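Build out the structure end to end from the sequences listed, making use of the hints.
Residue numbers (our numbering), protein chains in the order written: chain L, -17 to 329; chain Z, -17 to 329.
In case anyone wonders, no lab produced these hints; they're calculated from the structure.
Worth double-checking, as some hints may not be accurate.
[Said to hold, decoys possible] Each computed DSBU-like pair below joins lysine-lysine, with the alpha-carbon atoms no more than 30 Å apart:
1) L/Lys210 with L/Lys(-12)
2) Z/Lys38 with L/Lys294
3) Z/Lys315 with L/Lys294
4) Z/Lys41 with L/Lys41
5) Z/Lys(-12) with Z/Lys262
Computed from a predicted model, the values in this text were never measured in an experiment.
There are 2 protein chains.
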Amino acid sequence: MSLLEKTIQQIGDLDRDSMTKTQERLNNLIKPPGSLGVLEELTLQLSGIYADPMPKIGKKAIIVMGGDHGIVEEGVSAFPPVVTTLMMPQFPKGVAGVSVLARHAGATVTAVDIGVASPVDHPGVLNRKIKPGTDNMAKGPAMSRDEAIKSLEVGIEVATEEIKKGAVVLGTGDMGIGNTTPSSAILAVLGGFSPAEVTGRGTGINDEVLQNKAKIIAKVIEINRPDKNDPVDVLAKVGGLEIGGIAGIILAAAAHRVPAVVDGFISSAGALIAARLAPKSINFMVPSHCSAEQAHRAMLETIGLRPMLDMKMRLGEGTGAALAITIIDASLKILHEMATFQDLGLA
Amino acid sequence: MSLLEKTIQQIGDLDRDSMTKTQERLNNLIKPPGSLGVLEELTLQLSGIYADPMPKIGKKAIIVMGGDHGIVEEGVSAFPPVVTTLMMPQFPKGVAGVSVLARHAGATVTAVDIGVASPVDHPGVLNRKIKPGTDNMAKGPAMSRDEAIKSLEVGIEVATEEIKKGAVVLGTGDMGIGNTTPSSAILAVLGGFSPAEVTGRGTGINDEVLQNKAKIIAKVIEINRPDKNDPVDVLAKVGGLEIGGIAGIILAAAAHRVPAVVDGFISSAGALIAARLAPKSINFMVPSHCSAEQAHRAMLETIGLRPMLDMKMRLGEGTGAALAITIIDASLKILHEMATFQDLGLA
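As structure tokens, this is what we get:
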């Protein structure tokens, strides 16, 4: 059995007994029942994930998957692919957006070259390159089926390594010029949307490029005819290496009973692939923000996730996941540090 | 000139020169321009408030205003007023929801008895009681015009004290059984909504009580006929002492050029009063979350604020403000800790 199959088989259910106990404590805290909303939902989910009614704050790790996209030849992005190569070293150097926000959240950042077009020149970036960017999917599949499976498995391996090193919360992040295009294509195929409905401005394209991008996405789907009932086929034909890597992170997190905090639009495309490969993995996903990318809310709704932050962010990298991690920690402090009605001598 | 008038007169504009410099730095950080959304907007706003292009993280203080409401006689709440009295000592004891989340955010909590029905038995609660709860506004005004002005001035005084002690960010919070009713009434009058549009479930009332509550709000407005062009009249006739206190906190923050982080529905009612007393104070408000109280989004839109958190919270106390404070700190770290294109030797 392959690592991918084994990982999917390993994914279990949330622990209802622990959640019942956590719910009892939440109801006894000195506040109207349910009045802390998503903070209470988060503690319940963590209780179910860890099978621990009083989960504690532990190590947090954000994994940034970096990959490039042959489709940029078609002029779908505002930036050239060299930006991916230039940005990768900035993550371990601690000066990228996610580096700053991860530090704020007390999380580490691990950057992975899973498919950057040029060599990445920094020892702090994990070299797990499958190939130097996907092929131009306007002319054929983005990658082979084997490469797609490999991208999922690189994600699984890197995530498992972080968990072995003690991480109890994983966050996903992406770096890859052009990667809203495959993310939109994945949503169109798996969510049943038209190309126009799923196409957005990415890092900031104008109206003309936007219209072109929607046409390209239509063409990509028409040429490759991905099978919507086969998520690996969709990933291979219209996806991306870093998107496969992110899906792998989420599957590994679920298999090892650790929450996977899903960042923005690209991470959500990975989450959608993971959800279709293993529907039980959805229980282990924690959504973070609704990005400025116009189809992000539809993507999250397609998976069944509801974002807690609405900050018009569209940087990716795991920046939204980092902010959500600070809120997860807050939710656990609520469980441990608020008084109960019993503490105050009240029924 | 009264303290209230003096405070309103003192409120100035955001410093555009500082904001221009901050915007330049934001545009040079290694990310697409504007891609950090609200994080960038926050740094810009703080730059304008402090007149400092590189604002730093400093002391943060949340002020919880506690008051009771004569209107609870009409059966508008799921909880009895004694809960206000019982909850007040929990803030300085550090075991209430806002105590936990403020600690998480590195903020202090100051609880103020501005109008709790019974004596509050804890030395940590500031006694600034104007009277033991408002009068039943279904039978006449909630308070006199003098008492309304006094509630605003207590807020101004307490906030000014926190600023003198070094706070550079203030958060607002409320404690008061029954206080969604005056908040809804204020929104109906100042925002031009019908009672049904502004009435919500507060801490958790059922359908029957909800219908009764909307009728009570209609009656309260009909009996008292508050003048929508006179915010003090609205506060006096259909408001609350803690709502006046919160409006005062916001006015003082604006006068002293400090951001006021606005919590949920009740704090937003205070913010709406402040906005109508001094429209320039809006520039100094930082919205936090959109609460589960159904009219909260309409309230924020009426003021011109857009919430960054959407967590179905409805506890009040300043819990949403505390979470927003962690995001404000994150925004300042972005400004200071991310590399610029120049740092990387790029144009």
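Verification of the hints:
no. : hint                     : result
1   : L/Lys210 with L/Lys(-12) : 22 Å, holds
2   : Z/Lys38 with L/Lys294    : 23 Å, holds
3   : Z/Lys315 with L/Lys294   : 18 Å, holds
4   : Z/Lys41 with L/Lys41     : 27 Å, holds
5   : Z/Lys(-12) with Z/Lys262 : 14 Å, holds
Figure legend: structure checked against the earlier numbered hints; every hint is met.
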